[in-house]
Amino acid sequence: MSKMIPIPSTGYLNERDIGKAPILEATHLGIEFGGLKAVDDFNLTVGRTEIAGLIGPNGAGKTTVFNLLTKVYQPTHGTILLDGKDTHGMNAIQVNKAGIARTFQNIRLFSSLTVEENVKLGMHNHTHYNTLEGILRMPRYWQEEKRTHERALELLHIFDMEHLAEHKAGSLPYGAQRRLEIVRALATEPKLLLLDEPAAGMNPSETEELMENVRKIRDIFQIAILLIEHDMQFVTGICEGIAVLNYGKIIAKGTPQEVINNPEVIRSYLGNRRAIMLKVENLNVYYGMIHAIKDISLEVKRGEIVSLVGANGAGKTTTLQAISGMLKPKSGKVSYLDHNLLATPAHKIVQYGLSHVPEGRRVFAQMTVLENLEMGAFISKDKVKNKNNLDSVFEHFPRLEERKRQLAGTLSGGEQQMLAIGRAMMASPDMLLLDEPSMGLSPLLVKEIFKIIKELNEDGITILLVEQNAKQALSIAKRGYVLETGKIVLSGNAADLLENDAVKKAYLGG
Amino acid sequence: MKLKTMNKTTRSNMITYAMVIIAFVIVQIMLGTGNISSRLQGQLVPICAYIVMAISLNLTVGVLGELSLGHAGFMSAGAFSGIVVASCLSQNTSNEILVLVLSMLVGGVVAAIVGVIVGVPVLRLSGDYLAIVTLAFGEIIKGIVNNLYVGLDGSGLHISLIKNTLQMDGGKVLINGPMGLTGIPRIASFTVGFILIMVCLFVIFNLVNSKSGRAIMALRDNKIAAQSVGINITNYKLMAFVISAAMAGMAGVLFAANFSTVVASKFDFNTSILILVFVVLGGLGNMRGSIIAATVLTVLPEVLRSFSDYRMLVYAVVLIVMMLATNNPTLKNGLNLAWSKIAGLFRKNTEKGEQANV
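In the order they appear, the protein sequences are chains A and B.
Using numbering that gives the first Met the number 0, the letters of the first sequence map in sequence onto residues 0 to 509.
Using numbering that gives the first Met the number 0, the letters of the second sequence map in sequence onto residues 0 to 357.
Simulated from the structure, these hints should not be mistaken for lab results.
Small disclaimer: the values here were computed from a predicted structure and weren't measured.
Think of the CB as a built atom: it goes at the ideal place given N, C-alpha and C, for glycine as much as any other residue.
Do not rely on the hints blindly, as some may be mistaken.
Derived BS3-like pairs: lysine-lysine, alpha-carbon spacing no greater than 27 angstroms straight-line [unchecked claim]:
| no. | chain 1 | residue 1 | chain 2 | residue 2 |
| --- | --- | --- | --- | --- |
| 1 | A | Lys403 | B | Lys340 |
| 2 | B | Lys7 | A | Lys167 |
| 3 | B | Lys340 | A | Lys167 |
| 4 | A | Lys167 | A | Lys278 |
| 5 | A | Lys190 | B | Lys7 |
| 6 | A | Lys145 | B | Lys340 |
| 7 | A | Lys167 | B | Lys265 |
| 8 | B | Lys340 | A | Lys386 |
| 9 | A | Lys190 | A | Lys96 |
Far from chain A, some chain B residues (derived; all Cβ distances over 10 angstroms) [claimed, not checked]:
| no. | residue |
| --- | --- |
| 10 | Lys7 |
| 11 | Met18 |
| 12 | Leu39 |
| 13 | Asn145 |
| 14 | Leu156 |
| 15 | Leu206 |
| 16 | Arg213 |
| 17 | Ile230 |
| 18 | Met238 |
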């Protein structure tokens, strides 16, 4: 019986759980899908009141682990002991009754029911009256409905959501839906709570709040929590133990400090955060006699979103085209990782993991959505990887999946934009160059596109974003550059630029 | 209880009950004063039966979210078993109401049993596949009943699936194969139909607003999530399906007891679709809508009888117009706006009144 944290380091955690059997012990857990080992020899022990994290790159098998633990899939190998009891042969329902509750990566609420009904459904197996008593409205019905009503409000109070009780779950904003899923899971009275990317799509202050609430939940309910999350600040800030998964195998386990300093983890998942991915030095571009780009220098570090903002004709698109090799600059240097891009033909650049989503979308209008996406994976012969990429595109853009047989030319502007981004994602890029993704879209779609860009970044894709919509572009970016008639006139932290008076005046409308 | 203090669903349910009661009272008064044509009078019981069919199908289609195309099959199972019981009973007792209620219960139970038999395999499917299998089921029931011979004599019931093999000793033939039910005791009454509607509404409304109903709606919304909170999908699917079947069975008995003969092909695919039309037109999950749609669409062809040749044409046009109108956002918004204005006016008045009282 190995503890997830092998050495009693600071004492707090171990003291708390000391002498108690762990809540979860998974040993040699594995599942094969048609010969492909999605999860292999997975070993994990979670303490009674531990908050543990499961991290790893996309497609590493994290959600599959959750699906194994909750018996959405039956494992082909290994055992799962929940509170000392083997869950072998149990189905999803029995596992929930035994004490595992979960949330889902792509929110799964009962969206046509109210918030309160959603929570009450969580209490389904703890509501003690039968159907007949319900139909005939026997005293037990009234007692139990009253009790569950009060309990539901109590649980909603954790997230200050009581006032939303009467609202339809599907009408809630995104963050509230995520929180409601947690409340519903809690209502089943679990001993172990599994959270699948709870902070996805949340803004920094919401994330901060969520962190506190997760801790609060652990303290109040005295349960263990295992979570999947890409937001490293969230994970390191809250988890007492972390396991890192890559290609279905655990590559590291330990305290947050141990894990983030583990060389293998850095290589396969975290990357060198400070490494410069893209560097542009003294770039000059001419259109005939016109000096379009004047001595521009900029850099993008791994994991960043960098926004390049400016008015029409400032040279934003030209800069991107020079980077991705679509036009030849007169002078300057463009390097991506160790490659000199100016000496590389455009189609090779894609192979380095740098994808360009051009302005005006440029989808293949006479091909179906699926064919467009397949074109994006043109350079890759790895079928498994292509399939995973396709799944991941459809996960980010469910609308594309609905329309995969439709001709791309018949899509709306927003959908074409999604398709253009999705097509670029098919080449499994490390970095995306996005040119005016919000152009010509309705405000609602603009919001959605930016949310998706943020999600892509959270999944580990570095992004250089060119936008006229400076306010939105800067609000999701880490850093920004302001371009004016071919020159960079300002640069710095995106937040500072947003506050900058000159920028406000010129682009944000006072 | 005051209307204002009740929550939205309770209020809406109360309005539905009230609507049915008021309609019943009005019809009773008209019957009393003789202000109702004999043709329409003959439609009263079928309307009740169709309403029960519609709200019970709405439980499957609207609340459970599974498309069933064989609902008339349950009606048939209920009708034929219930009427056999009614025929037997009416030889011993003359209390028509008692006979009707007992035979409806039997019809309901038989339909429920058929519902279980069909439901267990069928409910493993979902969506289009389930719809196709239920369609086939409806045809199977029709096929069986078309070849069923049941007779009653001094020694009891005789059942056969082959013509002229009943070996009866006098007595009478109750179900005569493709000739269907003959010599049905016409014991159906509008009042019993009304009560059946009320009971079914009561059961459905209370079911939906209880733990089990929530579970049924949960698996309509998201099966995986429902499982993840420990809801047994098969049980609740089956529960909704069987309750719906039982109600259809009772409606079948009521329907058949209004005529002297009923053939199996009366409960065919077209009837299933007709009932589905009531449900879709009235709104999925909307019981009040189902009641209104069932009533209007049953009365309409009768009213249009004077147009004779163009009757079905007008019927189709009305159907299409209704569908367009109920799904037209502009029209809906307009109606909502008008309604909120009226409600606002009303509220202002009452507020004024309250202030005046202070």
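Checked hints:
no.: 1; hint: A/Lys403 / B/Lys340; result: violated, 44 angstroms
no.: 2; hint: B/Lys7 / A/Lys167; result: holds, 13 angstroms
no.: 3; hint: B/Lys340 / A/Lys167; result: holds, 24 angstroms
no.: 4; hint: A/Lys167 / A/Lys278; result: violated, 48 angstroms
no.: 5; hint: A/Lys190 / B/Lys7; result: violated, 36 angstroms
no.: 6; hint: A/Lys145 / B/Lys340; result: violated, 35 angstroms
no.: 7; hint: A/Lys167 / B/Lys265; result: violated, 42 angstroms
no.: 8; hint: B/Lys340 / A/Lys386; result: violated, 55 angstroms
no.: 9; hint: A/Lys190 / A/Lys96; result: holds, 10 angstroms
no.: 10; hint: Lys7; result: violated, 8 angstroms
no.: 11; hint: Met18; result: holds, 21 angstroms
no.: 12; hint: Leu39; result: holds, 34 angstroms
no.: 13; hint: Asn145; result: holds, 35 angstroms
no.: 14; hint: Leu156; result: holds, 32 angstroms
no.: 15; hint: Leu206; result: violated, 5 angstroms
no.: 16; hint: Arg213; result: violated, 5 angstroms
no.: 17; hint: Ile230; result: violated, 5 angstroms
no.: 18; hint: Met238; result: violated, 7 angstroms
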